[in-house]
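Student: In case you want the letters, here they are:
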Amino acid sequence: MEGFLPPMWSAIWYVLSGIVVIYGVIQLNKITKEQPEVKPLLAVAGAFMFILSSLKLPSVTGSCSHPCGNGLGAVLFGVPITAVLATIVLLFQALLLAHGGLTTLGANIFSMGIMGPLAGVIVWKILKGKINSTWAVMLAAIAADWITYVTTSIQITLAFPGNDPMTTLTTFLGIFAITQLPLAIAEGLLTALLWDKIKELRPDILLKLGLIDESEVPNYTSSLNTTNGGAE
Amino acid sequence: MLQNTIDNIAHNNILRHVNPKLKVIFAISLLLICVFSNSIIVPLIIAPIMISLTIFKAKVPLKIYLPLIGTPVGFGILTIVLMAIIYSGVGDKLFSIGIFGYNISFHEYGVNMGLLVFSRMLGGVASTLFLVLTTPMTELFYVLKELRVPSSILDIAMMMYRYIFVLLDEAIRIENAQKTRLGYKDLKTTYKSLGILAANLFITSWDRGERLFTTMNSRGYTGNLKLLSKIESPNIKYILLIIVFDILLIILLYLTKDFKVF
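If you read the sequences in order, they're chains S and X.
Each residue of the first sequence is one higher than the one before, counting from 1 in the working numbering.
Each residue of the second sequence is one higher than the one before, counting from 233 in the working numbering.
It is possible that part of the hints are untrue.
One-sided excerpt, in silico: chain S residues whose CB lies under 7 Å from chain X [to be verified]: (1) G3; (2) F4; (3) E37; (4) K39; (5) P40; (6) V44; (7) G46; (8) I51; (9) L96; (10) L102; (11) L190; (12) L194; (13) P203; (14) I205.
Derived DEER-like restraints, expressed as beta-carbon distance ranges [stated by the list, open to error]: (15) S:K130 x X:E442: 30 to 38 Å; (16) S:K30 x X:T446: 28 to 36 Å; (17) S:K130 x X:R394: 35 to 43 Å; (18) S:E34 x X:K492: 56 to 64 Å; (19) X:L484 x S:I31: 25 to 33 Å; (20) S:I178 x X:Y416: 43 to 51 Å; (21) X:D478 x S:I178: 41 to 49 Å; (22) S:T167 x X:F491: 28 to 36 Å; (23) X:L419 x S:L209: 26 to 34 Å.
Listed next, the in silico DMTMM-like pairs over lysine to aspartate or glutamate satisfying Cα-Cα at most 20 Å (straight line) [said to hold, decoys possible]: (24) S:K208 x S:D196; (25) S:K197 x X:E402; (26) X:K420 x S:E37; (27) S:K208 x S:E37; (28) S:K197 x X:D439.
Source of the hints: derived by calculation from the structure; they are not laboratory data.
From the three backbone atoms N, C-alpha and C, an ideal C-beta is built for every residue, glycine too.
Please take these sequences and the hints and turn them into a complete structure.
Tutor: So, in structure tokens, the structure goes:
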């Protein structure tokens, strides 16, 4: 919420997030030079993230708007690019929905655009190839969502340490992390359903990004082979 | 939906044709003054100014404005309780209330802190709301461009802004189609329906993204979008007025920095 953080902490989070976002922009520019089709694709993917985040139930506390989709974004595009996308999505949420805010933008980017996706990518990298990709994506989305809120509680504790920082941290973790756990699982379920449907309908997108192995979609691969055979 | 209303109001209000740079400078400077304030006085002066400007000058309908300004009020009350809990025992005890068997006592320091954060949020949200309800996004893009925001961020943001509304229409259409076919009737079907909706929306967006590239490519796209027109600079008289007003507030900020309610 606008004005919630003291100016010093607003500035600190702006600087920390800024470093990662600038790194993301540099990477993005590099990719755009080789593949100009990436930019429109990312723009539409970002719009999708925005719609997804306005679809779901409102969060209990309201200090941070819904992080829905940051796990999926991280799995699809990696952390630096997701940070750039999250920056724009959060800016739009502040300007079009009056969620979040301009002074707290840095802090929100840090929790939702950087720490959450990082957790998601780590979970995804560990599990990739070991279990069914749908399960891996589900766990990555849960981790991303949940770590986002753990980061938020740490951020609030740093801004308002209270009498005893440890008790304050446990209070905030209690408020955020525990109430957010069912919501994180809900997001995981939704992401898994989404992923499953994409795998069923358009596995070529996921194959092109190198996210799933061909062995996971045997029907698609075999149908591709037969059509090729027919054409010859 | 809500984003539609804010966007609509931004295009249809009395202050729509005031120079966007002027509105940005005014709103952002007051927002910063609110955040830097150490007492509740200055934010509580800024909040009514911004609220009355938005309601009476820009003629934003109350039906839309009240829920938006209501959020920080509700959240602010929560914050006061929260600050009372984490800063309990500092300063004199003011009063205490019992909720669910717990006894929350409100002490000086915590209540003052809570009120300060509350006033900052109220002033800050009122300032931001003034900006977003009077200035369309398209004009803000020009301002962002002049602030030297990296062009790749701006390109993506502009295309995203366009596609938010395209996808929103699509999402509403899919949702209506699902509802007429008994989607969302209980928790299980709600999840199933939402999953199908999100997946179809994802696939549609992916295809649209690829098609967007094709259409832009056929019009000579090389990786950068070009914004041609410029917005003119506002009248220097108004800028000076804003600066004088800001300086007055900053002086007041300095004079009232030790003010405490309790």
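Student: Could you run down the list of hints and mark each one as holding or not?
Tutor: Now for the hints, and whether the structure bears them out:
no., hint, verdict
1, G3, "3 Å, holds"
2, F4, "6 Å, holds"
3, E37, "4 Å, holds"
4, K39, "6 Å, holds"
5, P40, "4 Å, holds"
6, V44, "4 Å, holds"
7, G46, "5 Å, holds"
8, I51, "5 Å, holds"
9, L96, "4 Å, holds"
10, L102, "6 Å, holds"
11, L190, "6 Å, holds"
12, L194, "4 Å, holds"
13, P203, "11 Å, violated"
14, I205, "6 Å, holds"
15, S:K130 x X:E442: 30 to 38 Å, "31 Å, holds"
16, S:K30 x X:T446: 28 to 36 Å, "23 Å, violated"
17, S:K130 x X:R394: 35 to 43 Å, "40 Å, holds"
18, S:E34 x X:K492: 56 to 64 Å, "59 Å, holds"
19, X:L484 x S:I31: 25 to 33 Å, "50 Å, violated"
20, S:I178 x X:Y416: 43 to 51 Å, "28 Å, violated"
21, X:D478 x S:I178: 41 to 49 Å, "43 Å, holds"
22, S:T167 x X:F491: 28 to 36 Å, "29 Å, holds"
23, X:L419 x S:L209: 26 to 34 Å, "32 Å, holds"
24, S:K208 x S:D196, "16 Å, holds"
25, S:K197 x X:E402, "17 Å, holds"
26, X:K420 x S:E37, "38 Å, violated"
27, S:K208 x S:E37, "14 Å, holds"
28, S:K197 x X:D439, "15 Å, holds"
Against the hints set out earlier in the document, violations occur for numbers 13, 16, 19, 20 and 26.
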